[in-house]
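For the protein sequence lines, the chains are A and B, in the order given.
So that you can map any letter, position 367 of the first sequence is 367 in the working numbering, and since no number is skipped, the others follow by simple counting.
When you read off a place in the second sequence, starting at 1, and then add 485, the result is the number in the working numbering.
Read the hints as simulated data drawn from the structure, not as lab findings.
No residue lacks a Cβ here, since even glycine has one placed at the ideal position from N, Cα and C.
The reader is advised that the hints may include incorrect statements.
Quick list of the computed label-pair ranges, beta carbon to beta carbon [stated by the list, open to error]:
#1 A:M390 / B:T636: 31 to 41 angstroms
#2 A:S436 / B:T635: 16 to 26 angstroms
#3 B:G655 / A:P456: 33 to 43 angstroms
#4 A:A473 / B:L498: 51 to 61 angstroms
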Amino acid sequence: MGIRPALHFLENNLIEKIISEARDLLCNLGITLHNKEVLDVLSGYGATVDQDKFHVLFTNDVIDKALGSAPSSFKLFDVLGNETHDFSGFNSYFTPGTAAIHILDHKTNEIRKPTTADFIDYSKLMSGLNYIASTSTAFIPADVTEKISDSYRLYLSLLYCEKPVVTGAFTIEGFEIMKDLQLAVRGTKEALEAKPLTIFSCCPTSPLKFSDVTSQNVVDCARFGIPVEFISMPLSGFMAPVTLVGSLIQHTAETISGIVISQLTNPGTPVLYGGSPAIFDMRYETTPMGAIETMMLDCAYNEIGKFLGFPTQAYISLSDAKSLDAQAGMESSMGATLAVLSGINNISGPGMLDFESCQSLQKLILDNEVCGMTQRMARGIEPKEDFPSMPLFQELVKEKHLLISKHTRKYIREEHHFSGKIINRANLSRWKEEGSLSLTDRANLEIERLLNDYHPSRLPEDIKKELTLRMEAEARRNGMDKLPE
Amino acid sequence: MDILQQISEQIDLGDDEKVYELTATAIEQKIPVKRILEEGLLDGMNIVGKKFKEHDIFLPEVLMAAKAMNAGMELIKPLLLSGNIPMKAKVVLGTVRGDLHDIGKNLVGVMLKGAGFEVIDLGNDVSPEKFIETAKREGAQFIGMSTLLTTTMPVMKEVIELLRIENLEGKIKTLVGGAAVSKSYAEEIGATAYCYDGSNAVEYLNSVI
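Let's have the full structure, built from the sequences with the hints guiding it.
Following this line, the structure appears as structure tokens:
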């Protein structure tokens with residue numbers, strides 16, 4: 001075996017100090033938690049709770065109990081029940097960035113609100129993108145009432161794509177139908193627990209706060225064994241200390257809080273030690289996801305998560321650009337490379353532009369290639385019938401090339417990653433002869449090809465019907481007579 | 486599956502021994518040699534060519550297929566000659582005088598041989614006179630010239646002018662390529678064709694013979 005290339009920003013003694021500071025914050029400054037039920041549970045385990053002020057001071061015992069019960073790895077399965085993810089060690093998987101409010105229309109190059117038709121196209125495209133292992137509820141169709149906009153995305157994902165789904169509920173009520181849709185696919189609660197189908201993103205509010213919705217979503221997911229990724233979002237210099245270490249202390253405290261809520265509700269519930277921290281750009285008043293310090297924060301908290309024994313997640317490999325331009329490619333590929341080198345287990349980002357606000361099918365096509373290349377990089381360099389090398393070089397000298405050597409044919413596809421057609425490697429003349437296609441042109445051709453090649457999900461028809469019945473009932477309950485065609 | 490289809494399939498799989506055996510059987514069965522060539526050997530290479538273009542397979546598979554086709558060609562070559570059935574063309578190849586960069590030229594040679602063309606590779610730093618003498622002596626229909634350097638590009642023009650002087654223009658066609666060369670330069674110096682890589686050269690030659 002070769003060396004799995006790895007990147008480190010933190011030494012263990014610094015990680016220990018950061019965790020120690022975070023524990024101190026949790027035990028002596030405490031967090032705000034707007035959920036009576038969770039406060040009661042924490043109180044029952046010895047935390048100091050002020051129900052009137054929605055405030056809790058943790059104890060080290062409570063923290064240790066939670067950290068000790070969370071699993072160090074878990075698996076994910078597609079709608080057909082096939083294993084797709086093993087979140088352990090340094091295994092890295094990509095998933096599209098989630099919950100954008102806009103889409104970049106690849107036909108008009110206009111940024112606009114997305115529709116159901118866009119989400120269906122997106123789900124079909126995701127079915128064909130080999131290097132992005134799960135789909136996500138990547139954007140919010142604006143042609144349904146916002147009351148069902150969280151569950152409706154999950155419904156369309158389960159209907160059109162076989163991959164597991166990274167998602168999340170926007171309200172406490174939204175969880176119910178989102179859980180029911182998953183039960184329709186798996187059949188029973190036990191089957192769903194045995195083969196998780198989704199990951200729910202649950203976001204603490206910086207600084208050091210859990211809303212009623214987030215707390216309840218964490219509790220509800222734990223009750224059904226649905227994996228949760230905690231998305232703590234400290235903003236360095238604004239809602240968090242400007243230093244990266246200071247932001248990491250805050251991130252650690254917020255993430256551990258979530259793990260405590262989850263594990264005290266149902267010990268052993270799978271969790272991802274995740275996040276979406278960013279620096280705050282004091283010139284534009286924005287949260288750049290393409291900033292190098294943002295990426296450094298992601299990689300560093302991943303190290304802290306791994307040190308604590310958790311599989312990890314990060315919003316990295318996305319871009320602040322507004323179109324499929326050089327900035328988009330640069331920021332996303334830099335993030336993807338760092339993320340894979342760091343061994344982040346669930347890497348959220350592909351397709352995303354404009355911070356975390358705009359999904360792009362064109363960019364998904366490009367990012368899929370970035371994902372493929374970084375996954376190749378992660379396999380590293382290892383000897384394969386290279387020692388002794390003399391016979392191969394004798395063959396080379398004799399034949400003058402190794403194009404048809406057995407050694408070449410045996411290892412060519414393992415050693416060399418062959419990128420898709422969006423990556424242009426033709427010489428100038430060939431590129432011209434083939435139409436001088438720009439990156440956007442090539443992305444659009446690939447989108448059309450993948451949509452044409454789409455094969456419907458093999459989820460049994462009766463389950464698809466059941467999903468539709470449940471979603472239609474949910475729509476009616478929320479004032480929509482019927483779902484968009 | 487008839488035997489010609491089997492030949493085609495085994496070419497696609499790059500199995501030279503099977504293609505040799507199947508071609509021998511086809512000859513024994515008195516299948517016209519033109520059919521063996523067109524519906525067996527060349528049909529297989531066409532399938533391979535399409536797959537290569539779509540990036541379903543890569544150079545090693547193409548060259549294995551070509552090797553398999555050549556195994557069959559060995560058997561039918563004498564029959565083609567005796568039956569006056571035209572063979573594939575002969576190409577004289579080299580990098581032009583002053584240029585030692587021969588990786589691209591070598592690849593073109595490998596690809597052309599693989600596609601069944603007869604290649605006389607003069608190596609690198611080849612003078613215009615040597616290109617023409619060799620082509621005349623060997624009865625080659627094509628001269629393929631390559632250069633990486635802009636400084637040596639004019640040598641290609643010298644070759645074309647010499648052919649004109651010797652009244653061979655049109656009889657011996659010129660293919661040019663290499664990093665410094667472009668389609669417009671090829672047109673400017675009066676080359677018959679510009680080929681941007683090995684498979685493009687094969688594609689061009691297959692289209693004109």
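What hints, given by number in increasing order, does this structure fail?
-> Hint 3 is the one this structure does not satisfy, whereas the remaining hints hold.
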